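Participant: Listed below, chain by chain, are the residues.
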Amino acid sequence: MEHTPRAIFAMIAAGMKDDVLRSNTHWYCVSCYYCMVRCPQEVHITDLMYTLKRMSIEKGLYRESSTPATPEFSATFIDYVENYGRSFEFGLATRYHLKHHPLDMIKMAPIGLGMLRRRRMDLAPRKIKNIDQLKRILNKARQLGGAV
Amino acid sequence: MKYNYYPGCSLEHNAIAYHESAMAVAAKLGIQFTEIDDWNCCGAIEYIAVHLLPSYALVARNLAMAARQKETNGQVVAPCSACYLNLSKVDRYMGDSPELARKVNIALAEGGLSYAAGDVRVRHLLDIFTRDIGYEAIAEKVSKPLQGLRIAPYYGCVVVRPGFKEQIDDPEYPVSLDKLMQALGATVVDFPLKAHCCGGHMTQISQDVAFELIRRLLKNASDYEADIIVTLCPMCQLNLDAYQESVNRHCKTDYHIPILYFTQLIGLALGIAPEALGIGREFVDARPALAKIGRHLPPVSVPAGNGRSESQARKPARPGRTPALPMPRMPKE
Numbered sequence: 001m002e003h004t005p006r007a008i009f010a011m012i013a014a015g016m017k018d019d020v021l022r023s024n025t026h027w028y029c030v031s032c033y034y035c036m037v038r039c040p041q042e043v044h045i046t047d048l049m050y051t052l053k054r055m056s057i058e059k060g061l062y063r064e065s066s067t068p069a070t071p072e073f074s075a076t077f078i079d080y081v082e083n084y085g086r087s088f089e090f091g092l093a094t095r096y097h098l099k100h101h102p103l104d105m106i107k108m109a110p111i112g113l114g115m116l117r118r119r120r121m122d123l124a125p126r127k128i129k130n131i132d133q134l135k136r137i138l139n140k141a142r143q144l145g146g147a148v
Numbered sequence: 001m002k003y004n005y006y007p008g009c010s011l012e013h014n015a016i017a018y019h020e021s022a023m024a025v026a027a028k029l030g031i032q033f034t035e036i037d038d039w040n041c042c043g044a045i046e047y048i049a050v051h052l053l054p055s056y057a058l059v060a061r062n063l064a065m066a067a068r069q070k071e072t073n074g075q076v077v078a079p080c081s082a083c084y085l086n087l088s089k090v091d092r093y094m095g096d097s098p099e100l101a102r103k104v105n106i107a108l109a110e111g112g113l114s115y116a117a118g119d120v121r122v123r124h125l126l127d128i129f130t131r132d133i134g135y136e137a138i139a140e141k142v143s144k145p146l147q148g149l150r151i152a153p154y155y156g157c158v159v160v161r162p163g164f165k166e167q168i169d170d171p172e173y174p175v176s177l178d179k180l181m182q183a184l185g186a187t188v189v190d191f192p193l194k195a196h197c198c199g200g201h202m203t204q205i206s207q208d209v210a211f212e213l214i215r216r217l218l219k220n221a222s223d224y225e226a227d228i229i230v231t232l233c234p235m236c237q238l239n240l241d242a243y244q245e246s247v248n249r250h251c252k253t254d255y256h257i258p259i260l261y262f263t264q265l266i267g268l269a270l271g272i273a274p275e276a277l278g279i280g281r282e283f284v285d286a287r288p289a290l291a292k293i294g295r296h297l298p299p300v301s302v303p304a305g306n307g308r309s310e311s312q313a314r315k316p317a318r319p320g321r322t323p324a325l326p327m328p329r330m331p332k333e
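Protein chains in written order, with the numbering used here: chain A, 1 to 148; chain B, 1 to 333.
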């Protein structure tokens, strides 16, 4: 993480927008909410980190950060959610890793095989019954989207 | 008591042991969980990182479907931390912002649904056991106490933080899981990192960061001589269990700490057969630890963990790096 939350807020206040959006800070936020419960001003820091993620995707600046593949992990994840209504670990891991960390595939193979052996992973995604309804809801929400 | 149950995607796959044990224990304690019909993924922490309003609509569909379920007590129980957080967050934000509630409902209307904040009450599974059933009622039903088993209670992040709707425990040093494990007869060890993050999806993004976060947790539990780390989150279980061997390789350590769900331990103490609790699906073999409480499990069909013999855990070597993370610093090792 290049800047701590305090530093990133100082940079935002100083108007260093592109530097903020180009940094890897928000991509290293794992949403543990520690900062939020500690913030004496009760700032919803985690939500602001999500906002920075969306803004850096919108402006394309995530490509200049040190973790350009991270948004694509999220994008791959939501692609399954939008088309099946459920997440799909096997597809997510294989699709994302093949594209961005092909060498890690070899290291991670024992975990994948272990998951399959223990019946902790499906090879095909499950689809919800009313996926069309979900798609209509999500499409409408996207149209209404407005501000990032 | 008949609750709506929102299993979430993990409980169908990687955390199936959590689901199996929750169901077995619920049946024994007389709780009914009715799965929300045709529920969808909560989006975890990925959807909101890309699309804001759709991420709220995605969660709101589940809330709306839960509100329509008949003959339940109007409460939704989520065993997964991320699901619990997302459900309670969207319920809270829709209550705080009429504008957000209006937009989400326009989207929901496309699917013939609607939701108003507070229509259902979102609960975490732990909270059901500790507050609705209660420690004493559970202790009374214990037939095989976990005597002599040393447990590190691991809460992870978001069940206790940030408390969007209900603050069920202290956000930084919770104790409810500790008390629950004590009610089962176990010895609960001090576990200062009990509410620190396991790294979540970081194993997929930056292994250096992820493995260091996991190593700290394993070290902390090992320092207090825990036999088992007990968890209430599918992501925490996956990271600490499935990646433990990778962490050992990466950090030159040698931990073999089994990671079980709290529902599996309740089940054992209530005398339920280990097989009915999904025990045996873990990567790090739990059998040596469970033998301490006289629960000798038959060899599981799955070759356990890494197949290494249970050697005397040697003092883990200190890794050569300390990555700069904005986390509270660990004491000198």
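Rather than coming from a laboratory, the hints here were simulated on the basis of the structure. Just so you know, these numbers come straight off a predicted model, no measurement behind them. Just so you know, even glycine gets a beta-carbon here, dropped at the ideal spot from N, CA and C. Check the hints yourself; a few may be wrong.
Unchecked claim - Which chain B residues face chain A? A few, computed with CB under 7 Å, are given here:
no.	residue
1	I45
2	I48
3	L297
What the hints assert, rightly or not - Computed far set for chain B versus chain A, every beta-carbon distance over 10 Å:
no.	residue
4	A44
5	A57
6	R61
7	A67
8	A101
9	A116
10	A117
11	I128
12	P171
13	H196
14	R281
15	P288
16	I293
17	R295
18	H296
Participant: Now tell me, hint by hint, if it's right for this structure.
Facilitator: Cross-check of the supplied hints:
no., hint, in the structure
1, I45, "holds, 5 Å"
2, I48, "holds, 5 Å"
3, L297, "violated, 15 Å"
4, A44, "violated, 7 Å"
5, A57, "violated, 4 Å"
6, R61, "violated, 6 Å"
7, A67, "holds, 15 Å"
8, A101, "holds, 12 Å"
9, A116, "holds, 16 Å"
10, A117, "holds, 17 Å"
11, I128, "holds, 22 Å"
12, P171, "violated, 4 Å"
13, H196, "violated, 8 Å"
14, R281, "violated, 5 Å"
15, P288, "holds, 18 Å"
16, I293, "holds, 23 Å"
17, R295, "holds, 19 Å"
18, H296, "holds, 20 Å"
Checked against the numbered hints listed earlier, the structure breaks hints 3, 4, 5, 6, 12, 13, 14; every other hint is satisfied.
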